[in-house]
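There are 2 protein chains.
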Amino acid sequence: MTGVCVIGAGLLPFGRHEDSLLADMAIEAAFLAIRDAGIAPQAIEAGFFANVLGGLLFGDLTVGQSVFADLGITGGPVVNVENACASGSSAFTLAYNAIAAGEVESAIVLGAEKMCVPGLGLLNSGKNELETRLGLVTPASFGLRAQRHIHEFGTTLEQLALVSVKNRAHAAANPHALFRDPVTLDEVLNSPMIADPLTRYQCCPVADGAAALVLAGGKTAAAARRAINIDAAILCSGSYQTPVDLVRWETDRRGCELAYKKAGLGPDDLDLVECHDAFSIAEILHYEALGLCAEGDGGRLVAEGATRLGGRVPVNVSGGLIGRGHPLGATGVAQIVEIVTQLRGEAGARQVENARVGLAHCMGADRQGDARACTVAILSR
Amino acid sequence: MTGVCVIGAGLLPFGRHEDSLLADMAIEAAFLAIRDAGIAPQAIEAGFFANVLGGLLFGDLTVGQSVFADLGITGGPVVNVENACASGSSAFTLAYNAIAAGEVESAIVLGAEKMCVPGLGLLNSGKNELETRLGLVTPASFGLRAQRHIHEFGTTLEQLALVSVKNRAHAAANPHALFRDPVTLDEVLNSPMIADPLTRYQCCPVADGAAALVLAGGKTAAAARRAINIDAAILCSGSYQTPVDLVRWETDRRGCELAYKKAGLGPDDLDLVECHDAFSIAEILHYEALGLCAEGDGGRLVAEGATRLGGRVPVNVSGGLIGRGHPLGATGVAQIVEIVTQLRGEAGARQVENARVGLAHCMGADRQGDARACTVAILSR
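Sequence lines, in order, name chains A and B.
The numbering of the first sequence is my numbering, which starts it at 173 and goes up by one.
The numbering of the second sequence is my numbering, which starts it at 173 and goes up by one.
Rather than coming from a laboratory, the hints here were simulated on the basis of the structure.
In this text, all values refer to a predicted model and were calculated from it rather than measured experimentally.
For each residue, glycine too, the CB sits at the ideal point set by N, CA and C.
Misleading hints may appear alongside valid ones.
Label-pair distances were calculated between CB atoms; the ranges are [said to hold, decoys possible]: (1) A:LEU193 with B:ALA215: 39 to 49 Å; (2) A:LEU292 with B:GLY436: 45 to 55 Å; (3) A:GLU476 with B:ALA394: 49 to 59 Å; (4) A:ARG372 with B:PRO347: 33 to 43 Å.
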């Protein structure tokens, strides 16, 4: 039996797309994925569209329907999904479910975000909540996690900053990344302080962007030229336990465990990882949740070079959110596009040698840094 | 093998809930559904939240996560869905898929909308499109359909108006409806003209509201006291063919055909129908798409009394959108709540005698009146 596969992937470079509407970017990315899949748009039976800010910023509703209709993908189920920073990867799990349930045999997953607009400012999520008014905006919550990690495990400021050095070096080799210039350890440490100890280069930048995947099962998957298997597509959410353990991310660990179990694999089987490095400390916490190292050892893992291109388990060879940029709805899809590109051996200068299994991890965190949505997908060739 | 079932249903009365936030209404409806299901919230493995205007009006994002966490439904997959007027029923199909795919064994579907707010005015969907600027707002597009139906099939103004008389009479028997007072044929015909020939009482009113369903498969469904079977949960979208045939709604027909095929049933098997009567003409077109009568005979069907409570196939015994009100994200869920209530024999004064099979039909139409999303669910006991 053929499982659910990715048969096409497309990505618009992340950055400023001042002359493009949200729908324009989405159409372009989708077109790339469809062409890559080598099938007619009319053959795609369902569409899942992920976006966070379109309604809030532009009054856009049912954008997915407009985009898919323009592409010639008509008639089938179309759904618009919002799940914070994990919107794109949540849409991916829904497409996976629809195929696994036998409702459709193919689907397109499309994530797009336009956020480089005047006056965006701080995103106003939770603006009316007491914690936010008292200063617990998202960077502050990650600053607290970093402080706690330093306190509990002896993680150093340099180790934190090395996450950004690594991801910016990776981004420099990725033509689709927002930042194409590497940064030094000193530059990261000396960039302006955002939320102590996190400096600016340790916080991911906003961007405009779009990414798309074509998924298939059954005969459509069997007929595809270069199908990549989806071994797990997990979505989970927070348990909202209090007090919050700032360095042991319960949702993160649970999502990873579920994915490993579903795939019948473990951390030692991974050839590469894309994870949600919204802040440098986040990547370190994800190392630990993913089982790439022991609890508390995340800082040392990056310092050893284990997670850089050429290391034991390269993480965010795309540049990650810190290097490639973070257009909210597009990110979760773009991570999987990177895994697919790597498993096909088509990643050029940033290719992970002989990559056979990859994991994409995405997370939408709330002000307290708990996960509103955590997704983990495992893919293999 | 036990299929996917509805094991709990809850509905907040539709109307003005001035003192309630969107999340407050959602929590209340969800609580009713969970209590009705007779299971602990902690046992519900996934949550699907439908809403249209929260981001646009209030800047609300990831509302589903907030609501489900407050209810104690934590840890599992949670997704926020927007699909215009069919948001709630689209969320229903996603929950169905997740259970059918074996990803989870239970899920809650929650639709909520708060739209009775100062200055809402006309919804701005498509405000930048040429057709909208030229006057083709939603009521106008349905006015055109009504004119064409009159021209082509001899449908009368009285037949159109009788849809509203019927649905307002049904609503008068439904304690959860916005309008509790029936209206006469003269009152409908003489209410202010909105889009010729559609008068005000032939256009559905906005409302605040929330509705919820608990779905289950496997052992959870088998253990439920009063499970209602889901025989089909179809979502489809428009083919966007031009020129548009104003009286033969291609998406509508296709959605219904798919549902009948999936359920192995036909229109003669239906004991009741909830359909998307956003305007009186819409209900008449849906009769024809559903196969309740021949093409062009919709006006005569309502005039004969076939679709009123006690008739051959009662339609919108809840009062429909015209009588119960139309809080966008809640409507598609509320329709299925009504079918479940009727199939259980718990509908009181508006009970359809010996109801065994019911169909819920919902549609999000664009300015041209084509379907952005059309859902058809068939349920049976």
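These are the hints, each one checked on the structure:
1. A:LEU193 with B:ALA215: 39 to 49 Å: Hint holds: Cβ distance 44 Å, inside 39 to 49 Å.
2. A:LEU292 with B:GLY436: 45 to 55 Å: At roughly 52 Å between Cβ atoms, B:GLY436 and A:LEU292 fall inside 45 to 55 Å, so the hint holds.
3. A:GLU476 with B:ALA394: 49 to 59 Å: For B:ALA394 against A:GLU476, whose Cβ atoms are near 52 Å apart, the range 49 to 59 Å holds.
4. A:ARG372 with B:PRO347: 33 to 43 Å: violated, 57 Å
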